[in-house]
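So the chains spell out like this:
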Amino acid sequence: MLTRRNLFILIITLQLLALAGMVLYKERWLASGTKILLKTQPVDPRDLFRGDYVRLGYEISSIDVSQLQAGDNIKRNDPVYVTLGRTSDGSWQPLSFARTQPKGVVFIAGRAQSAPATVASWDVSLTLDDGTSKELRPTWFDFREGDQIFACVDRRGNSRHMDRIDGKSDCWDKEWTKITGTVATARQTSSKRLSLEYGIENYFVEEGKGRNLEKAQAAKELQVEVSLRPDGRALINRLLLDKTVVK
Amino acid sequence: MAPTLTITCPHCKSPGRVDVEIPSEGKLLVCPSCRYRFYVTPDGSTRRRQAPDQPTPTPPALNERHQDFVKQLAQEMPSWERAGIITTDQSRRILDRYTKLRPAEKRVVPSRLIAILSVLGAILVGVGIFAFVAANWGALGKETKIGVIVGAMLVSYSAGYVLRYGQRHYPRVGEALLLLGGIIFGAAIYFVAQLYHISVHYPNGPLIWGLAILPLAYLLRLPSLLWLAVVDLLAWLAMEGSFHQGNHHDLALVVLVGTAGVAAWLIGYAHQRCDKLAPLALPWQTLGALTALGALFPYTFADSFHHQLALGDLLWFHLAIVLVACVAVGALIVGELAEAGWWHAPLAGLVVLSFFLLTASGILAVPTTMASLAAIVFNIIYALAIVGLIFIGFQRQSMAQINIALLFFVADLIARYVDVFWQLLPRSLFFIVGGLLLLIAGGIFLERKRRIVLTNLYDQEVTGAH
Numbered sequence: 025m026l027t028r029r030n031l032f033i034l035i036i037t038l039q040l041l042a043l044a045g046m047v048l049y050k051e052r053w054l055a056s057g058t059k060i061l062l063k064t065q066p067v068d069p070r071d072l073f074r075g076d077y078v079r080l081g082y083e084i085s086s087i088d089v090s091q092l093q094a095g096d097n098i099k100r101n102d103p104v105y106v107t108l109g110r111t112s113d114g115s116w117q118p119l120s121f122a123r124t125q126p127k128g129v130v131f132i133a134g135r136a137q138s139a140p141a142t143v144a145s146w147d148v149s150l151t152l153d154d155g156t157s158k159e160l161r162p163t164w165f166d167f168r169e170g171d172q173i174f175a176c177v178d179r180r181g182n183s184r185h186m187d188r189i190d191g192k193s194d195c196w197d198k199e200w201t202k203i204t205g206t207v208a209t210a211r212q213t214s215s216k217r218l219s220l221e222y223g224i225e226n227y228f229v230e231e232g233k234g235r236n237l238e239k240a241q242a243a244k245e246l247q248v249e250v251s252l253r254p255d256g257r258a259l260i261n262r263l264l265l266d267k268t269v270v271k
Numbered sequence: 087m088a089p090t091l092t093i094t095c096p097h098c099k100s101p102g103r104v105d106v107e108i109p110s111e112g113k114l115l116v117c118p119s120c121r122y123r124f125y126v127t128p129d130g131s132t133r134r135r136q137a138p139d140q141p142t143p144t145p146p147a148l149n150e151r152h153q154d155f156v157k158q159l160a161q162e163m164p165s166w167e168r169a170g171i172i173t174t175d176q177s178r179r180i181l182d183r184y185t186k187l188r189p190a191e192k193r194v195v196p197s198r199l200i201a202i203l204s205v206l207g208a209i210l211v212g213v214g215i216f217a218f219v220a221a222n223w224g225a226l227g228k229e230t231k232i233g234v235i236v237g238a239m240l241v242s243y244s245a246g247y248v249l250r251y252g253q254r255h256y257p258r259v260g261e262a263l264l265l266l267g268g269i270i271f272g273a274a275i276y277f278v279a280q281l282y283h284i285s286v287h288y289p290n291g292p293l294i295w296g297l298a299i300l301p302l303a304y305l306l307r308l309p310s311l312l313w314l315a316v317v318d319l320l321a322w323l324a325m326e327g328s329f330h331q332g333n334h335h336d337l338a339l340v341v342l343v344g345t346a347g348v349a350a351w352l353i354g355y356a357h358q359r360c361d362k363l364a365p366l367a368l369p370w371q372t373l374g375a376l377t378a379l380g381a382l383f384p385y386t387f388a389d390s391f392h393h394q395l396a397l398g399d400l401l402w403f404h405l406a407i408v409l410v411a412c413v414a415v416g417a418l419i420v421g422e423l424a425e426a427g428w429w430h431a432p433l434a435g436l437v438v439l440s441f442f443l444l445t446a447s448g449i450l451a452v453p454t455t456m457a458s459l460a461a462i463v464f465n466i467i468y469a470l471a472i473v474g475l476i477f478i479g480f481q482r483q484s485m486a487q488i489n490i491a492l493l494f495f496v497a498d499l500i501a502r503y504v505d506v507f508w509q510l511l512p513r514s515l516f517f518i519v520g521g522l523l524l525l526i527a528g529g530i531f532l533e534r535k536r537r538i539v540l541t542n543l544y545d546q547e548v549t550g551a552h
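Quick note, the sequences are listed as chains A and B, same order.
All residue numbers for the first sequence refer to my numbering, where the first residue is 25 and numbers rise by one.
All residue numbers for the second sequence refer to my numbering, where the first residue is 87 and numbers rise by one.
Worth flagging that the hints you see were computed from the coordinates, not collected in a lab.
Be careful, since some hints might not be right.
[Said to hold, decoys possible] The calculated DMTMM-like cross-link candidates involving lysine to aspartate or glutamate, where the alpha carbons are at most 20 Å apart (straight line), are:
id: 1; chain 1: A; residue 1: Lys216; chain 2: A; residue 2: Glu245
id: 2; chain 1: B; residue 1: Lys231; chain 2: A; residue 2: Glu245
id: 3; chain 1: B; residue 1: Lys228; chain 2: A; residue 2: Glu51
id: 4; chain 1: A; residue 1: Lys216; chain 2: A; residue 2: Asp88
id: 5; chain 1: B; residue 1: Lys228; chain 2: A; residue 2: Asp113
id: 6; chain 1: A; residue 1: Lys63; chain 2: A; residue 2: Asp96
id: 7; chain 1: A; residue 1: Lys99; chain 2: B; residue 2: Glu229
id: 8; chain 1: A; residue 1: Lys50; chain 2: B; residue 2: Glu229
[Said to hold, decoys possible] One-sided and incomplete, this derived list gives chain A residues near chain B with beta-carbon spacing under 10 Å:
id: 9; residue: Met46
id: 10; residue: Lys50
id: 11; residue: Asn101
Note that the Cβ used here is the ideal one computed from N, Cα and C, for glycine as well.
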């Protein structure tokens, strides 16, 4: 009988089934998919809705469009397939990029986040005070050859800040190393790059652990085990910090 | 043959005999001498109380309704006296009949306060559960976490249903708990997404949430759940739209949400044609008017006319929304042909909808040099839209619509003031003059207008004048 009570129970049951369906679908995906390990680096924002998480960046998150056939006219949300090959240390690396689904190989499916964008960077060579030279690739550079400057370099060797020796600013993060020297050469390069998303960019962690994980990465190796469906779509299974599963 | 029982009436103590079968739960008897009603059990003992399956016929809500009635009666009496329906003496005698309820009204908590407190409580608990999920507590296993959330949802839903419709009858707390159940369902969706580190296609969250609680809002006629469902669905549309639009143009999204706002507003009016659905009209109308006027607002700035929009990727969304709006207008036409002025709301809705569609298709794009002129023309159109909404709100006796229109009127006033005077006046003077203008325009002028509109609405109601 379609009484109010029975309809109420029916709607609540459907809500429960929707939740159960979501859980079972993902569990089946995790259980049946091909497991592969990908190297990753964390970038850490915070999602208001979804608690603390680590935003993960991969080698395949940003590619040069020249690596992709007809990459120039790719649009937002267009699919891109990355064929992967296993390396000696057990992790998987990109071999080639394609706009159509490859056959008979292990591949991961991604989507273009936007049309390709021109990214400018600089190749700068500094002659340090002790006479050695240091190569830097900042995204922004506003000095001339012969200028006396300092650069703040993070643990990964990326230049985070630069200014003239007599400038007012300084390195504001304690973890950066300050180097001083003279600009030997500076050359601007630009490339067209494409940002890709694979659905494995967010890893949710217990509140407060996200930043710890990012700091731990400075010294250790971070890997993600993903479960691949036959159509290349991926789901994160677990996160490994220096080969140990992160809980 | 049933054994004969000798019993004594518990009220007048007169003896008597019963020779019918007495069921184990007892039988209701009436004393032939004093007409007292009592229960007798198979062993011959009598009970003065009623059977357990027959609750007291006066639910607590009855007193509340009485109070509302007396309060309204006292408010209405003077106008009845003025209209010559009753004399002052009659009015005093009518009110004297309710001497107990009137002082009681001052001591009890107003029912609206109970409703507001309950809903606020439900929202707070809901936010707490969201925060609990967001904190992603580590000590529990996957199954336990899901169990806790689903358990909380089921407890909230069933307690809400029992309190609202059960014998104890706490309709307001019941409604708040049903709303909480709906909020926890949303938290459960986000929790599952978090459990499996899902980052693709986040708009699915609000879509499933909105679609799942929408039927519940209609089945139980719960406006609070409908507010949540409509907000969810509008949020889904904005997210889904941003996912599909190729050129990252925020104004295209604003226009898309604006068309949805007009459709929602028309859906609200369509609800009013059916008595059963009328209580659910307000969330649609209010959110629809807020969204539509909010989406029109950017066009009061000249900058908006610099952008070229094209339907492109959002075409199907617009077509679906137009279809929904047409169905709503159809329902209005079928239901209200006889009523005077029935065509005002659908016409206003369709005019604004057409503006959005023309904007979305890029037809309204003007050269940069013409942008200022276009903005001036649009500001006049915008003012007309506000006046139109006040007119329709007045006609339909909807204070919510009038208030929304006044809100956007003030917003437009501030925006134009900033546009014109920011460059010309020194800043301190700008703030002082602006503040004074707002006090006079907002505080005095609008308050007075609002009072006039309210009094007119009331007089119309009382005298039946149109």
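These are the hints, each one checked on the structure:
1. Taken as a hint, the Lys216 (chain A) and Glu245 (chain A) pair is broken in the structure, with Cα atoms around 29 Å apart against an allowance of 20 Å.
2. This hinted pair does not check out: Lys231 (chain B) and Glu245 (chain A) have alpha carbons roughly 30 Å apart, beyond 20 Å.
3. Under the criterion of a C-alpha separation no larger than 20 Å, the hint pairing Lys228 (chain B) with Glu51 (chain A) is consistent with the structure, at around 11 Å.
4. Restraint check: the Cα-Cα separation between Lys216 (chain A) and Asp88 (chain A) comes to about 6 Å, which is no more than 20 Å; the hinted pair holds.
5. Between Lys228 (chain B) and Asp113 (chain A) the alpha-carbon distance is near 31 Å, which puts this suggested pair outside the 20 Å criterion.
6. Restraint check for Lys63 (chain A) and Asp96 (chain A): not satisfied, since their Cα atoms lie roughly 27 Å apart, outside the 20 Å limit.
7. Annotation: proposed proximity of Lys99 (chain A) to Glu229 (chain B) is violated, straight-line Cα distance about 41 Å (limit 20 Å).
8. Taking the CA atoms of Lys50 (chain A) and Glu229 (chain B), the gap is near 14 Å; set against the 20 Å cutoff, the hint holds.
9. Hint status for Met46 (chain A) relative to chain B: holds, with the closest Cβ pair at about 5 Å, below 10 Å.
10. Interface restraint check for Lys50 (chain A): the shortest CB-CB distance to chain B comes to about 4 Å, inside 10 Å, so the restraint holds.
11. For Asn101 (chain A), the interface hint holds, the least distance from its beta-carbon to any beta-carbon of chain B being 7 Å, beneath 10 Å.
In this structure, the hints that do not hold are numbers 1, 2, 5, 6 and 7, in rising order.
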